[in-house]
Structures are given as structure tokens and as C-alpha cells.
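> The residues making up each chain are set out below.
Protein chains: 2
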Amino acid sequence: MAGGVSDQRALQYEQTLMYGRYTQELGVYAKEEAARLKETTQRRSISERSRALDLLEYDKGRCAKCRICTVRCQKFLISRVGEDWIFLILLGLFMALVSWVVDFCIAICLQAQKWMYGGLDSNVFLQYLAWVTYPVVLITFSAGFTQILAPQAVGSGIPEMKTILRGVVLKEYLTFKTFVAKVIGLTCALGSGMPLGKEGPFVHIASLCAALLSKFMSLFGGIYENESRNIEMLAAACAVGVGCCFAAPIGGVLFSIEVTSTFFAVRNYWRGFFAATFSAFIFRVLAVWNRDEETITALFKTRFRLDFPFDLQELPAFAVIGIASGFGGALFVYLNRLIVQFIRKQKAINRFLMKKRLLYPALVTLLISTLTFPPGFGQFMAGKLTQKESLVTLLDNRTWAKQGIAEEFDYIGHSQAWKHPQVNVFVTLVLFIVMKFWMSALATTIPVPCGAFMPVFVIGAAFGRLVGESMAAWFPDGIHTDGIIYPIVPGGYAVVGAAALSGAVTHTVSTAVIVFELTGQISHILPVMIAVILANAVAQSLQPSLYDSIIRIKKLPYLPELGWGHHEKYNIRVEDIMVRDVRYITLNCTYRDLHNVLLTGHLKTLALVESAASMILLGSIERAQLQSLLSQQLGRPRRLEYIRERTVAEKKRLSMVSDIESEPGSQRVSQEVRFQISTEESSISPTRTAPQKPLKPALKKTSVVERPIEMPTGTHDNSAIGLKNLFCTNPDTEGMEEPPPSLKIFFGDDGDVEDDMTLREIAEWEEQQLDEQVNFNNCKIDPAPFQLVERTSLHKTHTIFSLLGLDHAYVTSIGRLIGVVSLKELRKAIEGSVTVKGVKVRPPLASFRDSGTSSSENEATELHKLWDRHKSLSLPREPTPPDSDEKCQ
Amino acid sequence: MAGGVSDQRALQYEQTLMYGRYTQELGVYAKEEAARLKETTQRRSISERSRALDLLEYDKGRCAKCRICTVRCQKFLISRVGEDWIFLILLGLFMALVSWVVDFCIAICLQAQKWMYGGLDSNVFLQYLAWVTYPVVLITFSAGFTQILAPQAVGSGIPEMKTILRGVVLKEYLTFKTFVAKVIGLTCALGSGMPLGKEGPFVHIASLCAALLSKFMSLFGGIYENESRNIEMLAAACAVGVGCCFAAPIGGVLFSIEVTSTFFAVRNYWRGFFAATFSAFIFRVLAVWNRDEETITALFKTRFRLDFPFDLQELPAFAVIGIASGFGGALFVYLNRLIVQFIRKQKAINRFLMKKRLLYPALVTLLISTLTFPPGFGQFMAGKLTQKESLVTLLDNRTWAKQGIAEEFDYIGHSQAWKHPQVNVFVTLVLFIVMKFWMSALATTIPVPCGAFMPVFVIGAAFGRLVGESMAAWFPDGIHTDGIIYPIVPGGYAVVGAAALSGAVTHTVSTAVIVFELTGQISHILPVMIAVILANAVAQSLQPSLYDSIIRIKKLPYLPELGWGHHEKYNIRVEDIMVRDVRYITLNCTYRDLHNVLLTGHLKTLALVESAASMILLGSIERAQLQSLLSQQLGRPRRLEYIRERTVAEKKRLSMVSDIESEPGSQRVSQEVRFQISTEESSISPTRTAPQKPLKPALKKTSVVERPIEMPTGTHDNSAIGLKNLFCTNPDTEGMEEPPPSLKIFFGDDGDVEDDMTLREIAEWEEQQLDEQVNFNNCKIDPAPFQLVERTSLHKTHTIFSLLGLDHAYVTSIGRLIGVVSLKELRKAIEGSVTVKGVKVRPPLASFRDSGTSSSENEATELHKLWDRHKSLSLPREPTPPDSDEKCQ
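Protein chains in written order, with my numbering: chain F, 39 to 927; chain H, 39 to 927.
Calculated from the structure, these hints are not laboratory results. Nothing here was measured: the structure is a model prediction, and the numbers come from that model.
Intra- or inter-copy, both count: the list cannot distinguish identical chains.
The calculated lysine-lysine pairs, modelled on DSS-like cross-linking and capped at a C-alpha distance of 25 angstroms, are:
hint, residue 1, residue 2
1, Lys642, Lys834
2, Lys383, Lys394
3, Lys592, Lys383
4, Lys253, Lys834
5, Lys834, Lys866
6, Lys103, Lys113
7, Lys593, Lys383
8, Lys862, Lys592
9, Lys642, Lys862
Looking at chain F on its own, in the form it has when it is part of the complex (with noise of 0.2 angstroms):
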């Protein structure tokens, strides 16, 4: 799979580095490197299949018993192998193992960069030179390497698998390659020591993982072949991402849930807990093994007191900390999204970052690292401590500053860096707060593989500590009056605090749970439900989450959500939003309208209509049915078919022109088709250029026939006529007379009976086939494509779309096609009506319907019509000529 193409493919995708656009190139060509992958693999899988056999038979000479029980026994390991329980185990292991070595790696990384700093401690410039340049090498090198080998690989991965599994096909984020690029890239990320996060590239290490174990797996049988059963095991492998990453399998599947998915099939839930759970236990067991832990036990344990976890007067301050939380999570994802706005937005600055790709992110690196230099500014904000060891004195049970006095600070272990000689803990933390914050915006924007969660979490366990410590200094013996005095626990507040600002960001309720699996107590459950709720409520109605925000400033196909529910007002319906000027075949067209409907129009799928006049929906056809239809019509077997008949019709023509196509067609197709039906069988395709068809981006799902569509490729070639006018950006009917013969393209020569005409005669022939009608005999019709209704709400449609996964759906009017919805309009039509700030602007056209009067006239007038067609059906109602298909784009 990893070919040798990867620099050009990584000029090709400019775009997608420091948050580029989506661009529709990128999904076709991942659809075709995909349709080709699982060619090659099914072709493979059933030639190893068929070899098994050939032994069989070939054998049964010798020990025939013998050799049937080897197979039998091969073919019931394979039908193992097919269960899912195999591969989630499979799944969950290797994970746990990546997860476990990335952080062995991490720590490593970490533990040189003190060693340096630690060892130079006689020269404070040299110290800064070794606390400067190890991250900005290692981002460096980071950004390098992720750019030259996947620029997928770039930033969390949680906003493409959403896309993902919303149904968009986005495979060349699912490759080997990707993969790697990840793994190191990640590896040398954290161990900068920059405020980045693990748990986002690992959703989507996690999905790579899957995505590449089933394209193993469907070496051994067919069951990996199925496309929603991969999509299902996506979803168990987000989870399984979360879970080994923070040893949290149920935080892991509520979280991989909530940011992946819409709507959410209770029969998947199993495996995700089966895999995540799996993961995490041996995530854990490996730390027991290499004597880092003497137990399984939670990641960042807590040792709070049981019996009295925190008094019913404290719930107001653990509400503020919520929706502060809430507040700060808004400004957070706007922060972020603001930086990537103001980079792009200034050209000067982008030409020259895009120049020396590498700098953007070593300046950032320079400029963090500076800050955090521990004899300098970091001395201010504990910034010696690593990510992980910040977590862990913040959630530390005991209080740092009783009686508002540093004096009785602790000083074990590392709760020491926060402690300074002049300034108090409270200033101590919220430099901290203040300074890691601008920090992580800024970090996550890095072209590297990071995430943002971690960095938020502990800005969150912050926060939660600050307020803790205040509460401690004003309540030094506690709020409870009546009997034994029960201390305030900071340490409480710190979980309260990183759980609702964590949650805040992502928009999710279950970072309570991973919290709680963090820690390792449930006890402020009630404080931590109540904090999350809060601070969600507030920044659900300020800004989208963090992940939907990414989703947007890479332009990614995406379905918004309805606000919070008030949905049932929106006075939109789809009648509002359709687009009526629907591209469709009729069941009586000729191949030159088919031809021409072919040119106009970029959708996936085509209407069938029953004729221009009645418009009733029959069904719908893909694309690629209509296209190989029209290149059977036109191919060269049925030319040489009719070669065939003239010839016995009439033996004494002489033919004329015989090796005109032969050498030249060849050659020249690199040079101006663009278009390419490949037959080759091998994984690397050196002659794929840039693809830039005009096909639309590959979003799936959408046919209720099952079956993929085989292309009827290989067997014929694609005359001359066909191709240029259906591949070519900018097709010119004048020329259709005399095409040139450069335009020939054909990949075996096979035929018995020589190919003798001229190309004038060749133009004549297919200019007569292209007046016959179609035959939709061998074409492959979906019956039952999705239909709506003028008046369907918006609501309803979108539930129906993110349910189904829909791209588009028809609008009919009693069997009538009227319109079609696609995901763009529902798009712009929710966008419209629910701007960021919650307000809600009326579409243009819902003014001019008066709700009042909603009847169903308009159903009520299109079936009188279609009664008085029943009764004689002669005159054609709508205006609609059909050359209106001829009109280009």
C-alpha cells in the first residue's frame, strides 16, 4: 500500500495542511483507490480461495483424509476469524500496545529533555538553549514528517471519523501510510512537551487501525468486505481510541459516541464496551508488567475521602465552576478558530509560512518554550512540570494554601514548582490558567498530529483547583457546623473543574465519566453531573464545539445540528429549500439525451422519470450505471459487432484504415484524457495523475440496492465520442464530427475481426447509436430512492438525513418528482435559520408562506391534475422542454 509517489501526492494536497479546505479531488480520488483496494483484495482472497481447492483436488492421490481435514479445519479458523469478537480483541490489543508505547516513548522523550535541562545547570544560557531547541527539533521534525508522508495526519482526527461515519468517504485518511505518519508524528509532539493532547489522534489511530486489521481480514474470508460493517467497527474503534488512551472504557464509549455520532444503534454498543474495555485492560496490565504500577489501578488516582466527599454548601461553588467552565470553553473554541482565521487571512504572513512550511510551527514551538522556561517566566506557572505531572499535583487531596498563607504548603514531590518564594499559589495558578490557555489555542493550530482535550483537561483541573484553594482560605474549617469539622478538599474542585471544561469544549456530558475513570473515585458524581450540565448548557448556545468548529474551517461535508429544543419551531419546509430544477432521465430518452444529461450535471445519481410529461419518479440510477451504459452503446464491441454484420452484409469493401489506433491512442492518454477505467491489478498505480474530475465527492450509502455496482470495465473499451464528452471539463459538440484519434484510448485488442473504419465512419456510427433509445435491460435502477414531501419539515428531514445518512433525497408530489433536497441545501437552510449566537432568522422564502392557511391545497391541486391526466392524457401540464437538458452546466 505505501507506494513511492508520496511526494507528489504531498504537493497535491497543498490545501489540507494548517487547516486546508476539503477539496472534491481529494474524495475522488480516495473513492477510486478504494473501489481499486477492494478489487485487488477480493480478487485476491478468491485466487488464494481457488489455489486451496486446486490443492485439494490435486492431492487426492496421497492422504486425501488428510488434506480434507487440514481444509476443513483452515475453513472453520477462517470462519472464526469472520466473528467480531476476533477482531474487536484483535483490535483492542494492538491499540493497547500502540497506546503503551507511544507513552513509553513520551516519557522517554520527556525524561531526556529534564536530563539536558537538569545537567547544564551552571550555564542559565546554555540551559535555555537545551529547554528551547529540544521541542522546537522535535515539532520540527514532527511537522516534516507528517507533511512529506500523510497530511492527513495533521491535528486530532475526531472532526474527519465524524465525517467518516457520517458516510462521507474519506479513505486516504484511512491508509498505512496515515498511520505511521500519526504514530511518530504524535510520539515526537508530546514529547516536546507542548500543550497538545493524546486523545484525538488516538480516535483516529484507533480507526486507521481498524480500517487497515479489516483490509487484512478480508484476506481470510468475505465478512470484511461488507462496507456497513466496517463503518459499525469505526465506531468501536473511536471508542477503542478513548478507552486506551486514558485506561477509560466506558468514558471512552459514551465519549466516542457523543462526539462521533448522531444517531446511535444500541445493538453496536456491546462492541465498543467489549473492544474499549479489552484495550484499557491491557493498556493497564502492560504499566503492571514493566513495574511502573503494582496493580491495576486508575491512570491519575485520587485518594479523597470516602465518607464525606464534600458538603450540599459547597454545590453553588462547584455550579460556578460549571458555568465559568461553560464560558471559557465558548472562548476557547472561538480563540482557536480565531488564530487559524487570522493566519490564513493575512497573505503576506501565509505566503512566507507556506514557503518555509516548517517555520509557522517552530516560532510557535520558540515562543511557548521560551515562556515556559522554569528560571524565567515558567517559574511563575510550575512550568518545569510535564502535562502529566501538573495533573497530577493538581488533583493531589491535600489543601496548598490553608488560611490564604503559602506557608503550609507541602513540599513533596512535585507540588513544588508551584510553590514560589514571593508570590502566592493563587497568582501561581492563575498564570498558569491565563498563559496555558492562549497556549493551547495556539499549540493545537501547529500542522501537527496533537489534540486539544489533555491541554483543556488540566486549564480545567486548574480552574476547579483555584477555586478550590479560595473556598479552603475562606472556609478554613470547613462549612459544616455540627460536629466534626470536615476540611474542603481542592483537589475535588480540580476534578469538578477539568471534567466541565473538557466538556465544554467538546460539547459532551460523558467527560464526567472519563473523569471519574481517571481518578478513579465516583464520589463527586453529583457535583461533577451538575458542573458538566452547566457548563454545556452555556457554551452549547455560544459557540459550536471545538470538533464542529474544525469541521467548518476545513470545510468538511457535515450535517449541523438542530438547536437545543426549540426544533419544533422552525417554521422551514422542504418545499423552501428544494432545489426544483432537477436533472432526471426519462424511460424513453435516446443515448444522446442520456449523453447530454451526462454533460450537464455533476450528481451521483439521476432521476428515472416516466416521461417528461407526468414526471413520475420510477426510480434512480447511479452515475457510473449510466455512464458504462452509454460506453456499451458506444464501445468497441458492439462496433465490431456491426463491422462484423457489414462485412458478411456486404463482402466487397476493402478496409481502409486499420492500424490507426493501434500505437498513437496509447500514448497520448496521459497527455489530454483525463479519464482513466484501469484494469490493472497491481496495488500501485504509477500513471494516476492529479485527479480532477468533475465527479462529485463520494458521499455513500445512498442506495437501498445493496450490491456494489461493478462497472462493466476491461471488457469493452470507450469510443471516442463518449469520452471526451463525458470526462472532459469542457466539452465541445462542434468537434463531434471529426474527433481526433488521439481521444481513442483502449487497454486489449482482442478481437477476432479487424476494427476497419475510418474515424469519419466511426463518427457516423455512433451519432446512430446515439439516436436509438435506451435499453435500461442490464442497468442496475435503485426503485425506491428516498422520497420527501413539499411539506416535510425541516426537522423531520433532518432527522431522516442524519438517520439514514442520506446525500440527497427526491421531493415528490404524489408519484410526481418535483424537487431534490441534497445535503447543501439542508445545510444552508439550518445555517440560515440558526446562526452561532442561537438567533434564528427566517429563510427568505418561509416569509411568503402564511402558516395560517397550511392546508394541503397544493397536495390537493397536483392530484386533480394528475386525475385530469388520468382521464386523458394528452397534454403535457408543465412546460419543461426536454432540450432544457441540453444546456451545458
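Got chain F sorted already, so can you dock chain H onto it with the hints?
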């Protein structure tokens, strides 16, 4: 809402006692009632609103500004009331109060029993009488009270909620009477000390609360009239039910999702969390205010050590608990079903028990309480402990049997009950497990409101404790060898066992989360997760879940789940299971055809096709719409108009029989006509007799058109033939000529023209009207009913049905209607192919199809036909004679 017709209805629902069957009448009745209530509340809210406006206008003279301000404030408040979070807070608050009060009453009941038992310790016989009589009286009261007030309150309620959330309307299950019966019945049942649970009923109670609350809130605004919103709120209510029962918000949400949903909208996730958290919070705060607790902590707090919760080498023991629990859970479900079926089958017993309705509960209670009598057999099974006390002792963090000797037993608190001077603690535990196992399975069949979760939870804890104690006896110094001795904690095993067994019985993974929230410790997360997953794997392959089992016993409409993982292998397609004989109406049919079609079938919606020849599906029409069409055509206003026209035309004719239908008709309504279109606004309908209409049970959510269909009632009456033939179960078409005058009904006589037709004239006029062509203009048509294709796989069909909550779907082939698939066929197909044992049986039809040649032959042929038809629109292809509609049922 609470009418006084309970006695009649109680008789009518005899079948629902003791796991009665779900009958269609119930559904019909429920639907009607729902429609009536909806109408009533709508009208009321409208009238109130208009009254407010009136007020505004009248008082304009005086302080107009003040008034306007008041109205605006009112409006604002009302709009606020419409917001989800207000509803959820109210729901949570109310449920917390209910839960707390129920718990309080149960505690008082149990204390009273103990007090009686303790006070009579001089005489063992009196003691026994007190011990036995008390629960028998309580259970008998509970059973009697429930049966008299609302038999729907019997049992858990989770199966019914699952059915309701599936989209089936069982409105009788969500009335105020049911609420009262459930709360009081549950309190008495649990107060008796029987091994019964509170969780299932609380899910039902919370849903009842939500339904009643939204009915109440709809007085303020129109938002609560949205059906889909109510379903969403019911889903949240289920979470609240579990949440406030165990003070487990996260576990509650997850458990309710797993138990009630098939597909879950992540959009609604926060609702459940919000309401459940608030409810759990209030529930625990009430305990603090009542001085039961010092602060908010877990319900069954454990105090296991945090630093070394368990050894890695103990994991096999945990896995064993999981697997054994899986078998145990399946056995429990099987046993429970066996008991119900045994009692049903034994005609003699059954007749006897049915006659003396309260005897069965009394007998079962007598048996169980006799066996648990503490001085008797109860001494060997900790009989004197209540369920809660047993659980607290079982989760104790001390080891009961060190080195196999019971001497080191800690005699503190209730743990003493497990100690017996002669018998080992292991024997006590084994006896407890065995006895409680069958007792719980038996007790949950008593017709009182009760759940099985808590008993199973306690049994699981006991089993875990048994394994834990054995391990502690086996390894007295713990397994860990190097350094410090960490003794084994049997309480941890109890936690694992409880989660595993309850997970196995309910087929859920979220019992793990519930157990953490119940105990307040999450340190055993990995053992619990492993055990729960293993238990689920074993139990799911052996038996359905307890709730699914009850659904099958009660014959509720449901859709079984597809098996684990191997659903890709199903070789069944829609064409194998669909019903080919579809009832349809054509666009050009007469009212007579309509009439005949309505007579023959009981489907809720009917397909509308272009013509019998083309069979092109145009949409579906609700039965009610067609009925109203028919009654409009034959109705009094139309006839009066006809009369008016006639009188204008021929002035000479005199009115002959004018008073024939003013009096006698309305008197005989209740005798012969079973259908009645009510226009009364009163909430109590005194004339409602036993509903035995042949309408289908109301499966909702099928129509794409959203607005509720208002039957045009009240403005016109219904005529003789229409009603007689439509709504009597035994239509007599011969008598159409001379309809008896008793069949005439009308509600208002506000016409200005005198109705002077004779019966014969009316009959003739109606005959004439019936031959007219139907005018569908004022008819609401769903133009896009859900369509499938012949080749849609069973897996896909199942997914679509459960995603969209469909009742039926039409099967089309290139626009032509060829069949229909309803929930029933789907269920049959799934059950036919997946038996309980996991063995797949190929359905008989599937074997006829060669899966190898499964190309699109069918489609192509159909298309070809259509194509031919298009060219020559004369020959009808399918010999479906139009008179096939005539045949009666």
C-alpha cells in the same frame, strides 16, 4: 381524567392480569382516548388564549398599558414554560419526591413488621403468624388495589415502555389512574419484604409522570402537543426513573437507553442526563434534610481500599463469576417464563386462581415468607434481613471467613445474620443464593407492580461474595507475593457478581455503571466490565432478556433484535416475506369501491395507486380520511343540499316524512352502532361501551405528513349505509336497499332546510352517490410512504423499521406496488430464522432462490414491462381483477 368507569374497564382488561395478552381493543381504545384528549386540551388552550385577548381589548379604556404589560409577561412566562429544561426539572423534582416518599413508606412498613416480630418473641407461633400475615395482607391488598384501579400497573413496566417508545400507542398505560395504582401498589408490595424490586416500576412511574406533566403543561402552550417531542420526553423519563431509584444518573441514562431503545438520537442525550442528575440530586438531598445522611453520598457506600483494589491474578476468578452469572441469568429468565407458562397451561389451577383472583399472590407470599421465617429455615439464609440490609452486608469490605473458619467473623451490625452457630458461612450463602433465586423468579410473577432488578442484584452480590469468601479462604494472605500483604476483598467480588448477574438478566452493560454509582467506588472497574461483558455474551446466546421475555409472554407488538454479529449472513429478502395481496384504492375509483375496500381490510392506511393496471404507487391514505370522505359523500349536509336543489327545481312536491329521524335514532345508538364520532368536549365519556371495533391497533409515526389529521366530525352527520357497513363487524350488503331507521345518527340538527326524504329515497340517493367517482381533493394523502424493494435484505429492512419506527412499508418495483411488509411479517421472518438457541433456520421461500444468480433480473423485467406499457398503454399486465376488492376479509 380519572373517570368513574373503572369497574367496567377492570373487567374488560381481565386478560392483562397475570401477564395477560395484549389485545387489539386496547390499542383502539387507547388511540381514541388520546385523540379525544388531545382535541379537548387543544380547544381548551385556544379558548383560554382567545379569552386573554378579549380581556385585553375590553379593558383598553382603563390602564391599557398595564394590561398589555401583564399579558406580555404572561406570554413570556408561557413561552418559558414551553422550554425543555423547565419540564425536565419539574419531572426530576417530582420523581425524586415520589421516590423518596415511596422509600420512606417502605422503610416504615418494614420497620413495622420487624417491630411486630420482635415484640412477640415469647411465642414462636404468634411470631410466625405475625411474620407471615403481614406480607400476605400487604401483597393481597396491593394485588387487589391494582386490579381494581388499573390492571395496567401490574409488573415491571419496562416492557411496555419499550413498546411505547417503539412507536406503539398504549395510552391506557399512561393515565393518572395507572399512576396511582402503580405507586400505591408498589409501596405495599415492597413493604411486604418480598424479593421484589423498585427499578422497573419506577421507569413506568417516571413515564407516567412525564405523560401527565406534559398533558398538564399543554394547558399553557402548544409545544406539548407535539407527538415526537412527547416520545423524546418519555425516553428522558425512563432515565429519570432509574436515576432517582438508585441515585445513579449516568447509569440510569445508559440503562434506560439499553433497555428501551433500538436506535438512539445523541441529540436527546442531554435531556436524560439533565433530568436524571437533577432527580438523583434532589433524591439524595431529601435524605440529607431528613438527617438520614450527613451529606450526599452513594446509596450503598463501600469502603474498599483504593491503593490496591485487586490483584491481577484474581482476574480469572472475576471472569468465572461473569460466565457463571451469564448462565444464571439465562436460567432466571427461563425459570420466570416457565412459571408463567405453567400456571397458564394448568387449566384447573388457572380457573381456580382466576376465580379467586387474590389467592395466587397470597399463596406465593405465604410460601416465601414461611421459608424465610427467621427461627425456622430463615436462620440458614439470613432470612431476617431486608433486601437493603442484605445488600449492605454483602458489600461489606471485611472478610467473613478467614481461613475457612467462621470464628473470625466480625459481629457488627447486620452481618451477624449471616452467622449461624452450627453452619458454615459458605452454606448460608449457598442456601441464600439457591432459595432467593427461585423465590425471586416466583415472586416476580405475582400480579403486583414489581421489578426483578433488585432481587437479581442481591443474588448476584451473594454469589460474588461466595466466590470472594472462597478466594479469601484459599489465599488467606492474598496472592501478591513480593513485599506487602494485600488480603483479598470479598466485597469487591460481591460488586462484580451483582453487576454481572443483573447485566445477564437484563442484557445490559450499563449495570456496571449503576454498580459504581450505587457503591460510590469505581476501583473495580476492569473486573466489573470483564464480568459483565462475559455474562452478557453467555446470557444473550441462551435466552432473551427478561424484558423481551415478558414482551413475548404478554404478546406486545415488538420487533426482535437481530442476532449478534452474524446478521450479514441472512439470506432473506423482502420478496420472501412480503404480503402480495395488498389492499389498494385507485385514483379513479368510485365511492362504492372505497366502501368495499374499507369493509374488507383493517389496515390503518391504504395504498393509493394510479390504476389497477399500472399499479403505480402514488401515496397512502389513512383509513380515517377515507371514512370521512365516504361520510361526507353520504352525509346529511350533502343530502340537505340535494334536497334544497330538488325543492328549488320542483316546488310542487311536499315534504312527506320529516320527523322520522329526530328521535328514535339517537336512542338506539348505544345498542347497535358501535362507532361514534364524538363531538362532546367533556373529558369523561359516559356512553363509551366496550370498544370492539375492527380497527387496527394504533401504530403511530408512520406518516411523513406531520400535522394530525382532523376528522371532519361534528359539522355533518353520518348516514345509514356508510356507518352500518363500515363499522359493524358483520356487514350485510344485501340489506343495503332498506336500511332500518335505527341506524341513523346525527348530533346536531341545525339545518335550515327540512330533511323530508323517506328511507327508501335516502337509500336510493345513497346508491346513486356511491357510484360517483371519488374526489380526493380534500383528502390528506401521504405522498411518500416508506418504500422497499423486493431485493432489500432482512437486515436492512430491520434497520429501517427500527430506525424510523415503521409499522409497514410498501414494496415497489419501479414505481409499481407489488406488496407490503408489516411489522408482523418482519417479526415472523426474524423469529423463523433466529431461534432462541441461536440456530438459524432458512425460511422456506429463501431456498427457492438461487443466491448465485441474484442479479437484477426481476427489476429489469419489470422495467421492460413498464417500458412496453409506455409505448402501448392498452394491455393490463397483471390479471388482478378489480373485483378482487369486493371479497370480504
